[in-house]
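Fit chain B to the given chain A structure using the hints.
These protein sequences, in sequence, are chains A and B. No gaps in the numbering here: position 400 of the first sequence is 400 in our numbering, and each next residue is one more. No gaps in the numbering here: position 405 of the second sequence is 807 in our numbering, and each next residue is one more.
These aren't lab readings, by the way, just hints derived from the structure by calculation. All figures in this text were calculated on a predicted structure; none of them were measured in a lab. Any given hint might turn out to be false.
Unchecked claim - If we take Cβ atoms under 8 Å as the criterion, some of the chain B residues that face chain A in the derived model are:
(1) His536
(2) Lys540
(3) Thr989
Here a beta-carbon is modelled for each residue, glycine too, at the ideal position from N, C-alpha and C.
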Amino acid sequence: MSLSALFILDINGTALISRDYRGDINKEVIDNFLPLITRHEETGTSAPVLHHNGTTFAYVKFNNLYIIGTIKRNANIALIFTFIYKFIEIATQYFSKLEEESIRDNFVVLYELLDEIMDFGYPQTTEPKILQTYIFQESYKLKKMTSVPAVVTNVVSWRPEGIRYRRNELFIDVVESVNLSVNAKGSVVSNEVAGCVKMKVHLSGMPQLRLGLSDKILLAINSQDAGSLEDVKFHQCVQLSRIFEKNIYFIPPDGDFELMSYRMNTDIKPLIAIQTKVVHSSSSRIEYAVKATAQFKSSSTASNVEVTLPVCQDVDSPVFRSSSGAASYVPEECAVVWKIKYFPGGSEVALNAQFRLSSIRSEEKREKTPIKYMKVIEKSNYKALTWVRYTTQNGEYLVSFN
Amino acid sequence: MMNKAIVSENRLLDSSNIDDNLQALKRITTLMSSGVDVSCFFPFVVKKIVSDCLEVKRLVYLYILRYAEKEAELILMSVNTFQKDIKHTDPFIRANALRALTGIRLKLLAPIMLTAVQGSARDFFPYVRKITAHALLKIYALDATLKDSLIEILIQLLHDRSLIVLGGSLLAFQNICPERHDLLHAHYRTIVRRSVDFDEWSQLIALQLLTQYGRVQFANPNRDGKSFDNSSSEGSVATLKALDPDHKWNMHLIIKVLIITIIINRLLLECMHNLFYSRNGAVVLEVCKLYYYLAPYSEFSQIGRAMCRFVASRKEISYSFLLNIETMSKRHPEIFTPHLQSFLVYTSDPLQIKLTKISILLNLLNDSNVSILFNELKMYSTNENPKLCEAGVQGLVYCVSLFPKYYKLCLKSLFRLITSKKEYLIEKGTVALRNLLQTSPKVDMRIVRYLSRKYLKGSIKTTEAQLSVLWLVGEFAYNENWALQVLQTAVKNYKNLDDEVKLQVLNFVSKLHVANVESSAEYLEYIFFLAKNDQNTDIRERTCFLSSLLVGSLISAAEVHKVLLSRKSVCFPKVPSSTNRDLVLGTLSHLLKRKVCGYRELPKFSPTAGGSSLREQEVRAVENPLQEEKVLSSAYLLSSNQHELDSVEENFYLGISSEETRSDSSASENSEPIDYSSADSSPTERES
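So here's chain A without its partners, still in its complex pose (with noise of 0.2 Å):
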């Protein structure tokens, strides 16, 4: 269940980093990476996960970079995923931004990195706050560390201690999105909400948190329903064994992390409505028209709601007409973009174009709170200032045609 190798290669199949773990593996086979994957590409049938003659290859593509993930023996596929996204993340707090340029600016750093989160191919520390704590970009002396090993440690791996700030705060982001899916038929076929909790936390010391957690969330979490498709998954730092209590308890980490995911079913009915007809005006020419209808109160807006019309790549000169926003055609996407800056509730626009589509996905607000109150409890008892902040993000809107 283990990496034999992981390998960094730019765009043109150079590789920038290699790190063998386990020796049974040869370098020259990443140079096989490249061809396989145009090879399958071409062929339409690319998967995350290629074999060739004895290797099997599990990549990530991510900012022009392939990620690759050797393997040589019987492994977790799960887990060499898991770990690669790990290592971007890990990256990515190191680096800002991991693209090749940083990778050539920090050869040294990303080395100790790899050898410091894997071991003989299976994951070790991989907690990048923790290893911010003793791999830094700037060198440094003996003298300087004397305590850190404690944070490897720890019982709460996820946090060092002696963290102190002047100003306590607390910052909590409720971010949700509604992926929807309507039939040919014009009926709802599923229709969720899937949202975060991301938190900024600058607090001093080892405080305990407890987060109250509105009824919605709990019944998510104890419903043994099978039906329905609620769930939540939280952060390592969460209680797990405490959470069918009506709060859940935890230590965060220092800075940003994502505490809690859930998704909920919910009936709401689609914010904005679309929809859609044909017409063959002749056998050169088809036209669609496309209506969208604001279902929400007339006192909200929605602002920069962007539609997306898939279309077929065979198609030229377009002509839009449209009541509001502006659409486009986007030939590299093969799709139609319909910009509305400002959509006022209970109105409806409406566009007409000459393409063949399949889905749409738009962007809009919506209000929720989950999230009842929470309490920092430390031993020094400062007073921790808590902000909370709701947002709504794009999610997925597909609605399907004949």
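Same frame as chain A, but now just chain B:
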């Protein structure tokens, strides 16, 4: 140029200034990573291992690991320093040195490494002991003959109170001696109870280990008769009797064994349940596996919930989950039917994910969702992508094979495909129509006629589609007049056809000949003449066979008719599977559909499971139910309905859990202070 560089680097390395050393080492590391062979620095770099700066040491280790195999002799010289570092006052240096030393892949060094780990296994610092555990498996990979001495150290480490050490030693256990369950018995409870507190990667190992352990040590909760969820109590009595045909059996004893194993199993499942909420996909998948392989069917619903959560995750992770879901849903569709929505195809999904989702959907087909799914499949069948379109079309036909009432609807949507202008749509539609028509007792001739007209017009171009049309006409319309026209066209183009189509034309002409000897005789002669001289052996062989059948009068006409025109057996398209169902879930082998090096079967449930006395600690907890054994066993045997059974089980569990918590708290009281003190003790304190 290079020489000059070497000189300057060497000067920097020789300098007593740490900054200079670092600078040189960093430059060498950069060169190394860009593929330049920097082995010429080896002697100079190795010297620097004595440096007191951790940063320098770390870079030197990095360098040594890369070139050690090449410079074995020089490495031997530095071993002394390694040994000194392993006894360094700073625990971090000890850990790093140990890791680097055991990372060197020289069999020669294995005995030295062994001595080193023997010492560090008793280190005061948990982190060092964890590294020691990892070192064990590295030494084992290097030299398997040291197994016995390694296991000795491992046993010592398994007793460790610190969780990180336990996690590391479980990993070593799994790699060195996964079959030695006898070593785990004593720790089983600790592992199960504290798995929530492990770090996520250790959780993974623990889960894997427990799955293996559970298969060997516990009774199968789903076995017929014995099943504790299966409400047929008569069945269980029968099985119990069968266990001892002489009727001398001690009923209580058997019940005791069964109940105890089930309770232990429950404890495992209950403790692992919390891990369903982990954020780490790999952990969740592993818990799902554990449930899938160890839990009674009634608990399977939880797997569905947890797994579907990751379907909407990053595409690579989603891919690995979907493959597992596909395999699970084949045998247990009921786990995922409530989550049907998760598997609807989105346009933004990559192709592989779309295809996997479709085969999952087909696995989930049942009475209540067929109407939704049929519409979905219909939509996929008109997709731009030929592969997706094919999957959709096949899905439609599969739908009909399970639910014949959808025959008409399916026919209608396939017909829409063949009237379109796109070649691939026509192809997939025709092939599917062939499959579909074959299933119906009475073939709708209008469709065959329509297809043949299309064929005559030349608008059926692809090989697959031509094959299907010729087969359909030959099979069902050989009596019709227009069949001859089709033959005419086929004969006219014969020379330019693909080999496969040629074979089909041969069959076709033979079928027509049987039905209508006079009108087709000329065509038959002509085609047989061409085919006899074909380059392809298959075609020549086929011609020989058919001509002796038709021209020679070896057998009667009725028999020839029987050979060529008897109704063919129906073969439904199968749901295409992208994984191998029999291999262990979540592994690379499962994904690649074949056994990869290092693959290990999951052990079968052992028939004589449940020697609870092995897990000494557990005996204490099990005492509880034993006292009530009489009442309970009779309750179990008499109860014929599920509900009662459940409540019996639950009572058991409740009894245990109170015991659990008590022992748990006492255990943590004992262990934790030690944990802290050892973690906090600074090296100087320890020295004094």
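Do the hints match the structure? See the list:
1. Among the interface hints, the one on B:His536 holds; its C-beta lies about 5 Å from the nearest C-beta in chain A, closer than the 8 Å criterion.
2. Checking B:Lys540 against chain A: minimum C-beta separation of about 5 Å stays under 8 Å; hint holds.
3. Checking B:Thr989 against chain A: minimum C-beta separation of about 5 Å stays under 8 Å; hint holds.
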